[in-house]
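Given only the sequences and the hints, what does the whole structure look like? Please build it.
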Amino acid sequence: DAGVIQSPRHEVTEMGQEVTLRCKPISGHDYLFWYRQTMMRGLELLIYFNNNVPIDDSGMPEDRFSAKMPNASFSTLKIQPSEPRDSAVYFCASSSQGRDTQYFGPGTRLTVL
Amino acid sequence: QKEVEQNSGPLSVPEGAIASLNCTYSDRGSQSFFWYRQYSGKSPELIMFIYSNGDKEDGRFTAQLNKASQYVSLLIRDSQPSDSATYLCAVNSYNQGGKLIFGQGTELSVKP
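These protein sequence lines are chains A and B, in that order. Quick note on numbering: the first sequence equals residues 29 to 141 in the numbering used here. Quick note on numbering: the second sequence equals residues 11 to 122 in the numbering used here.
Source of the hints: derived by calculation from the structure; they are not laboratory data. We treat Cβ as the ideally placed atom computed from N, Cα and C, and that holds for glycine. Heads up, some of the hints might be wrong.
Simulated DEER-style distance windows between Cβ atoms [unchecked claim]: (1) P82/A with D37/B: 20 to 26 Å; (2) G69/B with S124/A: 21 to 27 Å; (3) E72/A with Y49/B: 15 to 21 Å; (4) S119/B with P82/A: 37 to 43 Å; (5) V40/A with E25/B: 35 to 41 Å; (6) P20/B with R137/A: 19 to 25 Å; (7) P98/A with S92/B: 23 to 29 Å; (8) P98/A with G26/B: 49 to 55 Å; (9) S55/A with S30/B: 35 to 41 Å; (10) L56/B with N99/A: 24 to 30 Å.
Printed below as a string of structure tokens:
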């Protein structure tokens with residue numbers, strides 16, 4: 029059974045460019061979470077969805093960040109315009125019924141120059 | 011006060027010893043508690059979860075929960091160098107609609 033799939037695994041871009049990160053959750057899971065991890069701030073929850081609907085986006089740092097989940101098997105996290113301080117590892121995770129174990133994808137390492 | 015607190019470490023133990031990792035949380039409504047292991051450059055992976063007060067054992071790992079003291083711990087018996095990683099404590103509160111709140115993680119180093 030495939031786990032959470034994320035793409036790309038690595039992204040290097042220049043300041044001001046648009047960045048789109050993609051996630052495919054585990055089939056049958058109805059919760060999807062986007063996290064950001066840095067050495068300074070640890071693992072931070074950005075936003076999560078339940079049945080494709082955003083439930084809590086209080087962790088989204090600013091309007092430059094947006095996330096969508098058009099269907100149960102796909103989600104995107106977009107940063108426009110990107111800034112060097114956005115450099116981090118972005119993880120997607122999914123779970124069933126939200127109160128159960130969250131399974132993480134391999135992450136996308138983003139570097140903004 | 012942080013919602014979930016862990017000592018950042020590093021915690022260094024000799025091979026074969028017991029490693030003890032601790033975590034405290036602030037929300038008394040917390041219901042579910044998780045320990046994740048994260049190797050350098052990898053994603054967090056679940057080791058154990060615990061819902062009830064007391065101990066839960068799985069192989070070399072034991073999770074301990076004390077809701078009155080708002081304290082959860084992870085014991086690793088017969089520590090191996092392959093256990094060297096960062097261990098993340100996470101707490102789920104029904105009051106927070108399914109969110110997991112993660113601690114900063116404790117770095118464990120097991121010396122051969």
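Hints versus structure:
The supplied range of 20 to 26 Å is met by P82/A and D37/B, whose beta-carbon atoms lie about 23 Å from each other. In this structure, G69/B and S124/A meet the distance hint of 21 to 27 Å, their C-beta atoms being roughly 24 Å apart. The supplied range of 15 to 21 Å is met by E72/A and Y49/B, whose beta-carbon atoms lie about 20 Å from each other. The hinted window of 37 to 43 Å between S119/B and P82/A holds, with their beta carbons roughly 39 Å apart.
Look at V40/A against E25/B: about 39 Å separates their beta carbons, and that is inside 35 to 41 Å. Checked against the given bound of 19 to 25 Å, the beta carbons of P20/B and R137/A, roughly 23 Å apart, stay inside it. A beta carbon spacing of about 40 Å between P98/A and S92/B contradicts the range 23 to 29 Å that was offered as a hint. For P98/A and G26/B, the hinted distance range of 49 to 55 Å is satisfied, since their beta carbons lie about 52 Å from each other.
One distance hint, 35 to 41 Å for the beta-carbon pair S55/A and S30/B, holds here, with the actual separation near 38 Å. A hinted range of 24 to 30 Å holds for the C-beta pair L56/B and N99/A, which are about 26 Å apart.
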